[in-house]
Amino acid sequence: MRVPDNLRLQLMTSNLATAAERLQRYQIELSSGLRIQRPSDDPSGAQRVSSLRSNLSRIAQYEATTKDAQAWLKSEDSALGNITKSLRQIRDYALQAANPNIAGSRDTMVTQIKSQAGFVQQSLNTSDGSRYLFGGNKTLAVPFKGDLVGGITYAGDAGVRHITLNDSVTLNLNHSGSEVANLGGVSDPALPDVFQTINDLVTAIQTGDQTGIAAQISNLDQHLSRMTNLRAETGVRLNQVELAADQLSQTKLTLTNLLNDTEGADLTEVTVQLKEQENVLQAATYVASTISQGGLLDWLR
Amino acid sequence: MSTFSTIQVALSGLITQQRAIDVTSHNVVNANTPGYHRQEAVLTTLPAIPQPGSRNGASKGQYGTGVEVAYVRRLQDMYTQQQLRATQQDVGYWSTTTDGLERIETFLAPGQNLDLSAMLDKFFGAWQLLATHPEDLSSRLTVRSAGVNLANTLNNTADQLNYLQAQIASDLQEKVDRVNTLADSLADLNTQIGMARADGNSPNDFLDKRDQLLQELAGLIGANELATENWTGITSAGGHPLVEGSQSFHISMQATPTGTTLTWDDGNTVTGIGGEVSSLIELRDTTIPAYVNRLDTITAGLASAVNALHATGMTQSDQPAGDFFTGNTAGSIHVADDIITDASNIASTKQAGAPGDGSLATDIFNLTTTPLIGTQTLNQAAQALLSQVGNDVKTAKTNTDTQSALHDLINTRDQQTGGVSLDEEMANLLIYQRAYQASARVLVATDEMIQSLLQKLG
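Protein chains in written order, with the working numbering: chain R, 1 to 301; chain G, 1001 to 1458.
Take these hints with a grain of salt, some might be off.
To be verified - When the alpha-carbon atoms are kept at most 27 Å apart in a straight line, the in silico DSS-like pairs for lysine-lysine are as follows:
| id | chain 1 | residue 1 | chain 2 | residue 2 |
| --- | --- | --- | --- | --- |
| 1 | R | Lys275 | R | Lys252 |
| 2 | G | Lys1397 | G | Lys1122 |
| 3 | R | Lys85 | R | Lys74 |
| 4 | R | Lys67 | G | Lys1122 |
| 5 | R | Lys67 | R | Lys114 |
| 6 | R | Lys145 | R | Lys74 |
| 7 | R | Lys74 | R | Lys275 |
| 8 | R | Lys67 | R | Lys275 |
| 9 | G | Lys1209 | R | Lys275 |
| 10 | R | Lys145 | R | Lys85 |
| 11 | R | Lys67 | G | Lys1397 |
| 12 | G | Lys1397 | R | Lys252 |
No wet-lab data here; the hints were simulated from the structure. From a predicted model like this one, the values you see are computed outputs, not experimental measurements.
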């Protein structure tokens, strides 16, 4: 076989170029830690990577939602706890008032009851800084306005706040003020609302109407049991959100591992390949340096 | 046979070896000339003359009269040249296609977290944020900026594709001009080759030049050579002669927004072409519009689905909301002007006076799992687009590699036959030099013979 000088040079150049190109490929892979730089490196892998990233980005969003929901539910629970506490106090005063022997300090009792009623109203106006928890969907306006004497009006609505916990589960986050206070009998038609009950109690105490006091104590009991139910419901929701958050972080871990497996470079393997390719390039360079030596021309002097 | 005829024989040796050295030196100096094939002086004996005999007129035998260069041979074969052209045509086609597709790939996949799929994620993620915090202006600002980024990404990609398309049209014009120039040069060469052959010469260097031009032409548009009886070449691109003998035909290009046509001088359409020109036409007329079309489909699906929901909503100031996006092609989509002016015009609810209701934002977020493009979600369609361009590039690369390897292989074969080996030329030089010296020695010997004869006689 004839080996013309040009051919040797051409082959050498193209081999050098190929070796250098491969080496660069491994260098990029190793320095970026990524197996897939462009979709053409692995089209189906690139599609998987993109889809995994998309899922991870959704999970990050869901995680933010669950954090927000947890904060909301905790505030709501503590607000409902405060309302319960105040209602219990009021019930205690009512029990005292129901005892005919302690008749002296009715006015004090009324004052105490009114001040507790103020606490109830305050708790119902709880805000998490930017949103009123019990305004239904009208979260930007103070929901319970006015006072016990002049009458308390509800500025919120019965709106329900839905939140999306993951691709399939949505949750009703809030209890509206009307539901908590049983305005218009929305949660128990036979029961007057909280402020009506307190007002009736105050009137009964002031007039010494023992039957009236007894009736309102029974109403307060019903309100307290409703509060317990509402808090239980909030607790269940909080559980659900925490469970969802756990699942999300679990899924995130799985997907992140999958993403690394798909687009990440196998560092050990690539390092070995890089070393090998470095040797190849070195050998090719050596060959290139010897290629012009030893021609017949050197001997013809 | 006279004494003096020996001088003639020796002289023919001197002249012939010198011609052979000429050929060798032509090889040496052209060792690096592109397209050059080595040449070889084919030596042959001069016609012998019979020596008349003393009896019966019968010849005593024939005496040689020396040596001459019969012709100068070019070391190449037509079949290899034809194969070189065929592979050059495929290399031209696939490498141009790869180049174009790789650019499209960069536009569609500019890097992690910058592609369309990532932008869609961010956009819908912002709606989920709004669903959780419908009261806040800040979540609306997030939705607006994610919307603007998404629209910009689509605009940029479409712009770059359109720019590439325009760029290709001007590349194409350049290539067609080059084809016409090559056609003229080939016609010229054919004339010169024809004249040289008429004189009985072998126009080796012209033939090399023509093979080289033909190979370039093959890479550009595809070409074939048909040898005819009078040894004037006909080269053809796509069936119609591009050059017929010393006459060349020109191609002109008409590029409209919808397509590119190539026509001959006589108005007929150029068909059956290959090489770079056919790749560029395909990229411009088919490949790029197909990608733009897919982007437009995704954009239209996005805009109509988001708008349909958004327009049923209420703005933060309890006014009926308008469209979120204007425009429904990748090049024209924008976030609506009133939203750009005031982010509170983004709706999160269908009810008036319910700032805490994010149900509409949730509905819009849920579009991420709704099949809007046929059976695919927006994200799936965007991911399929990535995978499509990835596959296209990969196929084109593989074909380029295969065709280049094949071309290199054939080129190696061509070089093995026709490449200049300096060792070989040096050896030949030695041989011819020695032969020249020997011929000169014969001349001297003959001269001495004649001299000694003249001295004795004198």
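To see whether the hints hold, each was checked on the structure:
Annotation: proposed proximity of R/Lys275 to R/Lys252 is violated, straight-line Cα distance about 35 Å (limit 27 Å). Annotation: proposed proximity of G/Lys1397 to G/Lys1122 is violated, straight-line Cα distance about 33 Å (limit 27 Å). Between R/Lys85 and R/Lys74 the alpha-carbon distance is near 16 Å, which keeps this suggested pair within the 27 Å criterion. The hinted pair formed by R/Lys67 and G/Lys1122 meets the criterion: a straight-line CA distance of about 19 Å does not exceed 27 Å.
A threshold of 27 Å between alpha carbons decides the hint, and for R/Lys67 with R/Lys114 the separation of about 36 Å lies outside it, so the pair is violated. Note on R/Lys145 and R/Lys74: the hinted pairing holds, with a Cα-Cα distance of about 24 Å set against a maximum of 27 Å. The hinted pair formed by R/Lys74 and R/Lys275 fails the criterion: a straight-line CA distance of about 57 Å is larger than 27 Å. Distance restraint check for R/Lys67 and R/Lys275: the Cα-Cα separation of roughly 48 Å exceeds the 27 Å cut-off, and the hinted pair is therefore not satisfied.
Between G/Lys1209 and R/Lys275 the alpha-carbon distance is near 45 Å, which puts this suggested pair outside the 27 Å criterion. For the proposed pair R/Lys145 and R/Lys85, the alpha carbon gap of about 21 Å is at most 27 Å, so the pair holds. A C-alpha spacing of about 48 Å is found between R/Lys67 and G/Lys1397, which places the hinted pair above 27 Å, so the restraint is violated. Between the alpha carbons of G/Lys1397 and R/Lys252 the distance comes to roughly 36 Å, so the proposed pair goes past 27 Å and is violated.
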